[in-house]
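> So you can see what is in the structure, the chains are spelled out below.
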Amino acid sequence: MTAGTQLAKVISTPPRLSEAVDPVYRQIRDLVYKVSGIYKAEEKLYLLAAGCERRMKELKTKGPREYWDHLTAHPSRDGELRQLLNEITIGETCLFRSPPQLDALRKVILPEIVGDKAKQITKRLRIWSAGCSTGEESYTLAMNMMEESTGLLKSWTVEIIATDLNDRSIETAKNGIYGDYALRSTPDYFKRKYFVALDDKRLEVKPEVKKLVAFSRLNLQDDSKILFMKGMDLIFCCNVLIYFDGPSKAKVINHFFSNLNFGGYFFLGTSESLLNLNDKFHLVHFPGAIAYWKPSLKSEKL
Amino acid sequence: MSTSITVSVDAQIKERVKSIETMPSIPAVFLPLLDMLHLPPDLVKLDEVVRLVSYDNTIAAQCLRVASSPLFGLAKSPESIKAAVISLGLRRVQTILLTCCMGKAFPAKNWALDPIVFWRHSLGCAMVCRKFSEKLGSADTEKAYMAGLMHDIGFMVNCMVFPAEFAAAVEHAAKEQIPFYEAEQSSMGFTHCETGKALAERWNLSEEMVRVIACHHQPERPEAQHPLVALVHLSDLLCRMRNLGYGYYERQKVDLVHDPAWTALLREHRALDGVDLVRFTFELDEAIEGIFQLVSTIFGAMTKQGQ
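Taken in order, these protein sequences are the chains called A and B. Per this note's numbering, the very first residue in the first sequence carries number 1; after that it's consecutive. Per this note's numbering, the very first residue in the second sequence carries number 1001; after that it's consecutive.
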């Protein structure tokens, strides 16, 4: 035996977390991806498994294999999949949810849009937070745009339109009050600058931030209303389309494409995919972030 | 005028690259193993590989450890090189050995670039190239791996033989947040592509490997119209967008599908049309932890010694 083989024997292989997960959860992961576009990465598989377990308890199923049948063979499979999606996306929203998205926005996209619009007389940036839930994303965008108000966006008007289907969510959003959990990723700099303390647990967004965001109720499936959301430079729609079936999703995405200005961008959630439902958007990568780009007229002619 | 400048830069690069050959650190098995990469897989002899490796026990031991990484496919360390070949195939063991040799070959002394960052990028790119070529149904996925692993050897040449000039380029790239290639071009007048090519030619690497090293940043060049060059170009870009870049923020928008390399690759592999690029990206994210671990297994000790 060579020294090499002896050494190799001594070094034991560390146990791998993934081996502990029942392979059926990988099947469920693939199914969830195919239907909703949400991808649960290997290291987050335990979260998916925990979500399934909560559903299994509710349904009194014996194990993950039987639950797989619930998701694929039972008459109620569509409803069950929706329940599971609810379970695995719960508690995901917070302010500053995706710093790489914000970096892409401020370091790459804004300079590009500002450059493209340099010759226009009205300098206006329109952002739509579609499916804004309780306002975390909308205010995050507002604060980041305010940071640019003395630099890139000097003498620009910024409008943030935030819509959601749920009236109660919108009321909560308008209040702009958040606890530790929602603020877990918010840098101290932003907490100090854009919030006031309500009590020792909660912070409230300052009025000048609230002023930047217009909240309203909108059903993304309502074609006549969605047509009016014109002239957007950026659309954010995170973890909303996952609940739509294929054809409705394709329709909403087509609307988004028309709602955007040429050169505008559409963002999904960080682990969400458009699943090739639209071939007009260009899939583009920024460091750590993915977006869908509506090519500018200039680049289309090339 | 410009021609004579180019000639002198080229001559200077070649002259300085010669000095790399006298480096004592290159493992004896490295160049013979590299030579074997030229051979068609069925002509590579297992006994010959085992004989070569037996000269260097540390490399053999490291190879066995690396083989048990989830990214290389074995659940536990094989007992010997022979056993590893039986489980993984000769081609893959050969590339693992070469990876380990690369780690030993280049002492990371006074590098202008953080060696850990460099190896994460190179190994990451190797993994992405292999995975990508698997998705395309390519026959020689290990060749794709080697191309990814070696595409930036010019950086090592720069660190060793142009330390001052390269340090300035590194600083320039990070400060301006621009692609490395552009920073080298503007501050040195040449890039790791030229210096890498000079080393690749001295090492008698295959013609396509030389092309990869020389052209992976210029997919529009006629010499780059080669599926392996296109594959490395795209994988390199993807790595740089997914936390496997050069350790600074690159202000870049990357549109892989509309890159000339995508078109070149599609001509050769129709299967590219069916690749779900978003899912591919998510899968790369999953592999990152494993890539970081491999880098510390293979290159960690070496980089600590060097610093």
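Incorrect hints may appear among the rest.
To be verified - Below, simulated BS3-like cross-link-like pairs (lysine-lysine); rule was C-alpha separation at most 25 Å, straight line:
#1 A/Lys154 / B/Lys1253
#2 A/Lys44 / B/Lys1135
#3 A/Lys201 / A/Lys174
#4 A/Lys123 / A/Lys107
#5 B/Lys1131 / A/Lys44
#6 A/Lys225 / A/Lys107
#7 B/Lys1045 / B/Lys1104
#8 A/Lys280 / A/Lys117
#9 A/Lys201 / A/Lys211
#10 A/Lys230 / A/Lys211
#11 B/Lys1104 / A/Lys44
#12 A/Lys154 / A/Lys117
#13 A/Lys191 / A/Lys174
#14 B/Lys1109 / A/Lys123
#15 A/Lys107 / A/Lys154
#16 A/Lys225 / A/Lys211
#17 A/Lys251 / A/Lys119
#18 A/Lys280 / A/Lys251
#19 A/Lys34 / B/Lys1104
#20 A/Lys225 / A/Lys280
#21 A/Lys107 / B/Lys1076
#22 B/Lys1131 / A/Lys34
#23 A/Lys154 / A/Lys211
#24 B/Lys1104 / B/Lys1018
#25 B/Lys1109 / B/Lys1175
#26 A/Lys117 / B/Lys1253
#27 A/Lys211 / A/Lys123
#28 A/Lys119 / B/Lys1253
#29 B/Lys1014 / B/Lys1082
#30 A/Lys119 / A/Lys154
#31 A/Lys210 / A/Lys154
#32 B/Lys1175 / A/Lys107
#33 B/Lys1253 / A/Lys280
#34 B/Lys1131 / B/Lys1253
#35 A/Lys174 / A/Lys210
#36 B/Lys1082 / B/Lys1109
By construction, these hints were calculated from the structure, which means they are not laboratory data.
> If you test the structure against every hint from before, which numbers come out violated?
6, 11, 14, 17, 19, 21, 29, 36
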